[in-house]
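So the sequence lines, in the order shown, correspond to chains A and B.
Going by this note's numbering, the first sequence opens with residue 1, and the numbers climb by one from there.
Going by this note's numbering, the second sequence opens with residue 1001, and the numbers climb by one from there.
A portion of the hints provided could be inaccurate.
Pairwise CB distance ranges, derived in the manner of DEER restraints [as the list claims (entries may be wrong)]: (1) B:Ser1236 with A:Glu114: 55 to 61 Å; (2) A:Gly126 with B:Ser1017: 19 to 25 Å; (3) A:Arg144 with B:Pro1166: 48 to 54 Å.
Please keep in mind that the hints were generated in silico from the structure rather than gathered at the bench.
Using N, Cα and C, we set each Cβ at its ideal position, and we do this for glycine too.
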Amino acid sequence: MIRGRCWKLGDNVSTDHIISGKYKFSAIDSLDSMIPHVLEEVIPGFHEKVSRGDVIVAGRNFGKGSSREQAPRLLKIVGVSAVVAKSFAHIFYRNAVNIGLPVVVAQRIPEVSETGDIIEVDLESGVVRNVTKGFEERISPFPREIAAILKTGGIVEYIKLYGAPPWLGGTG
Amino acid sequence: MGFIDRLVSRVVGRDVSPGDIVVVDIDAVYAQDGTAPLVIEVIEKELGAGELLAASRTYFFIDHSAPAPHVAAATVHREMRRFCRKWGVHLYDVGSGICHQVVVDEGIARPGMVVMGADSHTPTIGALGLYALGVGSTDAAIAIAYGRQWVRVPPTVKVVLTGRPPAGVMSKDIALSLVGELKTDGMVGRAVEFHGEALKCISMDSRFTLTNMCTEMGAESAVIPVDEVARQWLESSGLTPFRRVDYNPSETQFADELTFEVGRVEPAVAAPPDVDNVLAVGEVEGTEVDQVFIGSCTNGRLEDIEVAARILRGRRVHESVRCIVAPASKKVYLEALRRGYLQALSEAGCVVAPPTCGPCVGAHMGLLAEGEVALATTNRNFPGRMGHKDSKLYLASPATAAATAVEGKIADPRKYLQG
Chain A
1 MIRGRCWKLG DNVSTDHIIS GKYKFSAIDS LDSMIPHVLE EVIPGFHEKV
51 SRGDVIVAGR NFGKGSSREQ APRLLKIVGV SAVVAKSFAH IFYRNAVNIG
101 LPVVVAQRIP EVSETGDIIE VDLESGVVRN VTKGFEERIS PFPREIAAIL
151 KTGGIVEYIK LYGAPPWLGG TG
Chain B
1001 MGFIDRLVSR VVGRDVSPGD IVVVDIDAVY AQDGTAPLVI EVIEKELGAG
1051 ELLAASRTYF FIDHSAPAPH VAAATVHREM RRFCRKWGVH LYDVGSGICH
1101 QVVVDEGIAR PGMVVMGADS HTPTIGALGL YALGVGSTDA AIAIAYGRQW
1151 VRVPPTVKVV LTGRPPAGVM SKDIALSLVG ELKTDGMVGR AVEFHGEALK
1201 CISMDSRFTL TNMCTEMGAE SAVIPVDEVA RQWLESSGLT PFRRVDYNPS
1251 ETQFADELTF EVGRVEPAVA APPDVDNVLA VGEVEGTEVD QVFIGSCTNG
1301 RLEDIEVAAR ILRGRRVHES VRCIVAPASK KVYLEALRRG YLQALSEAGC
1351 VVAPPTCGPC VGAHMGLLAE GEVALATTNR NFPGRMGHKD SKLYLASPAT
1401 AAATAVEGKI ADPRKYLQG
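Given these sequences and hints, build the entire structure.
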């Protein structure tokens, strides 16, 4: 079970917001050097304020824009344990699954949540809770293969463990 | 069932429906110097792959920071070259051009293919009647290593373009007007398929702008089934379909359908801070700009350079503006050179840059300082996209960009294109 403090964001948070292209291209191959710039224009000092296990709760179209996979990777590196949003941009969604960052679609939780609330994401039983507000929302189960990838911690870990991606014969 | 479901059904040998998750052979995979470094890392370090089943249909492009503006980029480029030599992956090096244009120029992307590109504007090439999916680096790495990937068949929205674009209105204006209406999340989880009589007078160059901008509505993919315009273009380019797909749109049930009258479209501008903040050019006319950029995978094709040259020929770029023009590929560059467009632009005071994504992604070749304002033919105007976080970026067509370069402030191009 995932449990952490909520960071509440709005609609249309882009991968440029998460990590600006100019840092990606000035430090083109080093994730660590980009850490200070994660979400910096949205939440100044985010990389220092965020704690391991925290959950981002956002509105529509989270992760829109550039395909840069550094965006979900950096969120995971700084400690974000899941992103709950009303909808996701499809590339961000695939990237997040691939690197083992749970991405959860929920409609009401983003409406009721505020920064600082305690959020729980229970992928096994398919529930997201705002513990602070005493509110719970059921979420659609992931397709079997995606659930298996998230459980293993990402597609690379899955392949290392089972020899191939789940859809190409790797069974876990 | 839209074109993409029919194509995927053909590929997997059974009927699929929107929402189905299926595994498909990927006919071509590509990545660029923003996404390739992670592809390399995943393949060589994380997966430790022993062979790459799709190496011969994998293409790397050095286009985002090309030529290398700093040592970090140079190092990445060196790694990409080493990787391509080692694994037999095709490399398009510095100066070749922007991936989405080069795959078209080189006949890598052909009708009926399933293509994955590690770049969000991969749907651009859907104008060739293929299924183009933008992905991230790990997805591309797995497609390269295994030759196959999973896709979720997207529900398709039919967009019918009616009427005829007025003089001075380009497909960028149609695309921006669509984004303004549908908003940046209007097509999340869906694919866009274009139809309608207006397509008869929209060239292939212009079509790639339409499909390109579907990314800015959140569309997973965009497609224009091959029609007479595309057939003629394919023939003149010496290209044949990769795979034939039996498809009859009139027998198709789409997830949604909307009609858009292009005869009423005006030159459009997306004002900061987002692509759906779309206004008629008249509403922002007179806004002073410091820089104009004409290029990118959205509007760096021959037709775009041609209209800029037509407007700027015999005129001068305004003294307070620097105007940068970057043809999207070497092929476009050479043809624009041969036709005298680049000379006209250079004589007018433009800086003609090599093919590169550079300014669009804030990588190099024309960044903005604090407080500066630019108008560009690119696809995103997010804060800080082209430089300092407190710079401002307006998006428009190449015609509007050229008129703006002449006047030093946002200008309506129609007065330069009468008769």
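Okay, the hints, checked on the actual structure:
1. B:Ser1236 with A:Glu114: 55 to 61 Å: About 59 Å separates the Cβ atoms of B:Ser1236 and A:Glu114, which means 55 to 61 Å holds.
2. A:Gly126 with B:Ser1017: 19 to 25 Å: holds (24 Å)
3. A:Arg144 with B:Pro1166: 48 to 54 Å: Check passed, 52 Å falls within 48 to 54 Å.
In summary, this structure violates none of the numbered hints.
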